[in-house]
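K.L.:
The residues making up each chain are set out below.
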Amino acid sequence: MTRRDRFRAILSTAARRLRRIRRIARWEIAQSTASYNRRTLLIAIVLVGVVGGVAAAALSLGVASPSPNTDIYRIGIDDDSPYNQVIEDTPALVARPPDASALDRGEIDLLVGFVQQPQAPAGEPQPPPTLLVERAPSDKGNAALTAFRSAVQSYNDRLMTQEPNATAAYPVVVELRYTPQAGDGAGSLVGNDDEPVAELGNDTDGTGDGDSGDDGSGDGDGSDSDGGSDGGDGDDGGSDTPEQSAPDIDSDDGSLLDRALFGGSTSGSPAEISPPFPFASLLLAFLFLVPMNFIIQAYGSSILNERISRRGELLLVAPVERLDIVAGKTLPYIAVAVAVTAGIAVAIGGSLLSVLAVVPIALTFLAATFLGAMFARSFKELTFVTVTITTFLTTYVFVPSIFTNVTPIALISPLTLVVMELQGEAVGLGSYVFSTAPFYLSSGVLFMLGTGVYREEDMFTQKRVPLKFLDALDARLSGVASVGVLTALFLPFVFVAELLAIAVLFIAPIELSIPLILVVIAAVEEVAKSIHVFAGFESDRFDRSATTALLLGAVSGVGFFIAEKFTVIAQVVGLPDLALGEAALQPAGVTPSTTLLLLAGPLVLHTVTAGISALGARRDFRWYLVALTAATVVHAAYNFGVVTLYG
Amino acid sequence: MIEVSGLRKTYGDFAAVVGSEFEIDRGEIFGVVGPNGAGKTTTLKMLAGLIEPTAGTATVAGYDAGDPEMRHQLGFLPEESPLYEDMTARSYLRFFADLYDVPRDVASDRIESTLDRLELEYRDRRLGDVSKGMKRKVAIARSLVNDPDVLIYDEPASGLDPLTTNSVLEFTEELREEDKTVVFSAHNLYHVESVCDRVVIMNEGRIIARGSVAEIREEHGDTTYHVYSDIDLPETELTADGRHRAVVETMADVEELQDAAKAAGGSVTDIRTDEPSLESIFLELTGQQMPSPRTATGTDAASEAGGDDAEPMPDASEEPPSQPEGPQ
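If you're matching them up, the sequences are chains A and B in order. So for the first sequence, this note's numbering puts the first residue at 1; every next one is plus one. So for the second sequence, this note's numbering puts the first residue at 1; every next one is plus one.
Be a bit skeptical, because a hint or two may be false.
[Said to hold, decoys possible] Just the calculated beta-carbon pair ranges, DEER-fashion:
(1) B:80 with A:321: 18 to 28 Å
(2) B:80 with A:351: 44 to 54 Å
(3) B:21 with A:29: 16 to 26 Å
(4) A:346 with B:113: 48 to 58 Å
(5) B:21 with A:482: 25 to 35 Å
(6) A:480 with B:170: 50 to 60 Å
[Unchecked claim] Selected chain B positions facing chain A (Cβ under 7 Å, derived; list incomplete):
(7) 48
(8) 51
(9) 68
(10) 72
(11) 76
(12) 95
[As the list claims (entries may be wrong)] Covered stretches of chain A (in silico footprint by chain B; criterion: 3 or more residues with CB under 8 Å from a CB of chain B, positions within the stretch not fixed):
(13) 18-29
(14) 309-316
It should be emphasised that the hints constitute simulated quantities derived from the structure, not laboratory data. If you're wondering where the values come from, they're calculated on a predicted model, not measured in any experiment. All C-beta atoms in this analysis are idealised placements derived from N, C-alpha and C, irrespective of residue type, glycine included.
Sequences are here, hints too, so could you generate the full structure?
P.N.:
Quick look at the structure:
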């Protein structure tokens, strides 16, 4: 057969497989939709539409929407009082006739009036009347006074922001810059070393650079360097031109959504400036996760239904590869996830980056659900599995993204990329790879493990989930070399677990967090190197001799060592710049003279500890646990030693 | 067409199938019988490539069992074949025809022709709304959408009413005329006896008898002769209809009775052969007793260990009538 013939044969086979995958995918769509009657689907679509509409409306109107706490405090005040406007502008306050007896009767909470000062001698300017505020003798009276003061303060601030002469309104300009705790590391993380992650500015443009101060109003977070960084010298603010107007929160330069996203009213008096917590961006990013929960329910049910009803058997006996069956059954759900993600991205103003960031999350949701559905014995167990997946993954991707503006650890979640994008920050390729690669790889490994048990002997048997898990591992073992390959494939999970541990422990004191992280990392890595070896022994795939155990341990250790080198990606985005990341991923102080030692050290460590675990695994589960603990202790001791020597 | 050599399947310490050996020719209907846990279904699934043997080989239509190409030559009907109940018979069969790369026009003709032969009505009705017998016919039709050379039918008539059962059995016999090879397992031994050319009887994973039904009967069964005479002899007993009958086991005994009757002034009026049914041989070989209707179901070690031989034992109501006696 010529090379061309072989190429044609490959193409022909690929085309045939793709055709079958498409056929199975179409059939899966037909089956899934037929499972729900039209009325149910219609109701579901309407509900999703309503929820989406309400969420969007609430978000876009959130800044200006009326507060539910209206007319709480009754203020007795004259109609012609200048404070009437304050009350009108404050939903919590409502004006009442200024009757002092009403205060006693509890019909009003606050009485606002003026006391005329004694007449000044003739020829001198008459003193202005003095403001008199009298509160009801009650807690509500006290609260009403506080609310009134706050309302007056806000009213005055608003007047200042509307003042055409910005320099007159704000004679002193203060520039606030929010910089990450980690210093330079964050700069590289967001892919823009020259700009701060977040910056609050009030650009009155008093420096006379002639630029409009609108930057400050529209993008109040100061992400526009022009709006914030040039405002140092406001002393020459005498140039009273319309272009030099103070930021106007009601201007059209920033939409309501923009202000919700970027904190458009962060300029003003110092008391009103809040830190740049990306609340709105987080809320919008969270929207991407909501549909995942529905999609995995439908997907998990479909997979489990094939098993429980034994319908899957007929597909297995057809001339279709297992992988093609799984691909065909999964593709519709991936397509739905991508479509929904794209729709949300369009709705909230995200771009392709948002979609690309969420797709690996969706894949991981689906892959974990697939594996869970392959393990579950009943819909009850499947419910537990999907809830666990939802809780874990949602927590894993959402919580770190809260710290988008604080620490580079946030990049362990692809959702952080979405938040960054919504905040208008640049995202580098390294950051994208760092955030998403573990998700892509993990989902691939999960699908691989699930496909391994997508066969008659495993699909239709009823075993406890842990035993199914061991079966799934065993299904991917074939010989000694496969142990090393499987160990290497576990690296994404190791990486995720270690980053999660770092994320959880980074707020703890460094004296506590570093020892803890070193132990956790040791335990995670030892499990990853040995759990499939145990599965192989349990299924009698390997003979239980000590020689075999040591051989398997060595192969597993080498596999881990090679795969571990891929953690170099962490260095691309600067995670080791953090003390914890440094301890976990790469000790500082490494010199060329120690490079060889640091290469040989881990190799010896991983093979030795994996050998210890394998020696226990060859006997039974109890011995495996004992050996695993011993291996973890050795590994943790090594970690301490390295950190102590080079840290 | 099918060659099985040293086929073995173990689940941990449990041996579901132990060293099965047999060959099946083209156009043959081959029966596999045995009690629960005997290893029948495990054997059939190994032939279909669904279960990987622990040891031994099985080739089907020239391919190793499990070879994707072999699946094009195979039609498999599991004991339980739940359908996709939201599909119609036509759409269900077209879906599988697509998976087997059957061209659309060929598939349509084949599907209609098969459904005609199976006398299947309501071809466009939801499968969830048709009877069990109809569903089984659709499942049988599915096994034929790729026009396979080899058919593996596990309990094809299980749980069907007598009319549908006869229809399915007749259809199976017709397949022989099309030169198709059928491997057929059934609990109802009458079905096996009526349609199978050859049979293996399995027990505890091993084949304990093999051959045509006649050969097995000859080898393992005890044929008896009922000799009726018009005179009372020491060996005879009076039957309800007033005749004198002796039951003997060899033709030599028959001849002795004939001589004795003649010597006593009478004669032998009738000789009938009583051949053992496959069922009685099966029960004798497997050391089992006829199950009572109330204890006819249960699971077995094979299914618990991962095998799938948990077929219910035949219900007494499904047992065929005893073979009628007839003159030799």
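K.L.:
Hint by hint, note whether the structure agrees.
P.N.:
Going down the list of hints, with the structure as the test:
1. Taking 18 to 28 Å as the suggested C-beta distance range, the pair residue 80 of chain B and residue 321 of chain A conforms, at roughly 24 Å.
2. Between residue 80 of chain B and residue 351 of chain A the Cβ separation comes to about 51 Å, which falls inside the hinted range of 44 to 54 Å.
3. For the hinted restraint 16 to 26 Å between residue 21 of chain B and residue 29 of chain A, the CB-CB distance of approximately 46 Å leaves it violated.
4. For residue 346 of chain A and residue 113 of chain B, the hinted distance range of 48 to 58 Å is satisfied, since their beta carbons lie about 51 Å from each other.
5. For residue 21 of chain B and residue 482 of chain A, the Cβ-Cβ distance of about 32 Å falls inside the hinted range of 25 to 35 Å, so the restraint holds.
6. Between residue 480 of chain A and residue 170 of chain B the beta carbons are some 55 Å apart, a value that agrees with the proposed interval 50 to 60 Å.
7. The interface hint given for residue 48 of chain B holds, since its Cβ lies 5 Å from the closest Cβ of chain A, which is under the 7 Å cut-off.
8. A cut of 7 Å between beta carbons decides the hint on residue 51 of chain B: the least distance to chain A is about 6 Å, and the hint holds.
9. Among the interface hints, the one on residue 68 of chain B holds; its C-beta lies about 5 Å from the nearest C-beta in chain A, closer than the 7 Å criterion.
10. The closest approach between the C-beta of residue 72 of chain B and any C-beta of chain A is roughly 5 Å, which is under the 7 Å cut-off, so the hint is satisfied.
11. Interface restraint check for residue 76 of chain B: the shortest CB-CB distance to chain A comes to about 4 Å, inside 7 Å, so the restraint holds.
12. Among the interface hints, the one on residue 95 of chain B holds; its C-beta lies about 5 Å from the nearest C-beta in chain A, closer than the 7 Å criterion.
13. Here's how the region 18-29 of chain A fares: 4 of its residues keep a CB closer than 8 Å to some CB of chain B, so the rule of at least three is met and the hint holds.
14. Here's how the region 309-316 of chain A fares: 7 of its residues keep a CB closer than 8 Å to some CB of chain B, so the rule of at least three is met and the hint holds.
In summary, the structure is inconsistent with hint 3 from the numbered list given earlier, while agreeing with all the others.
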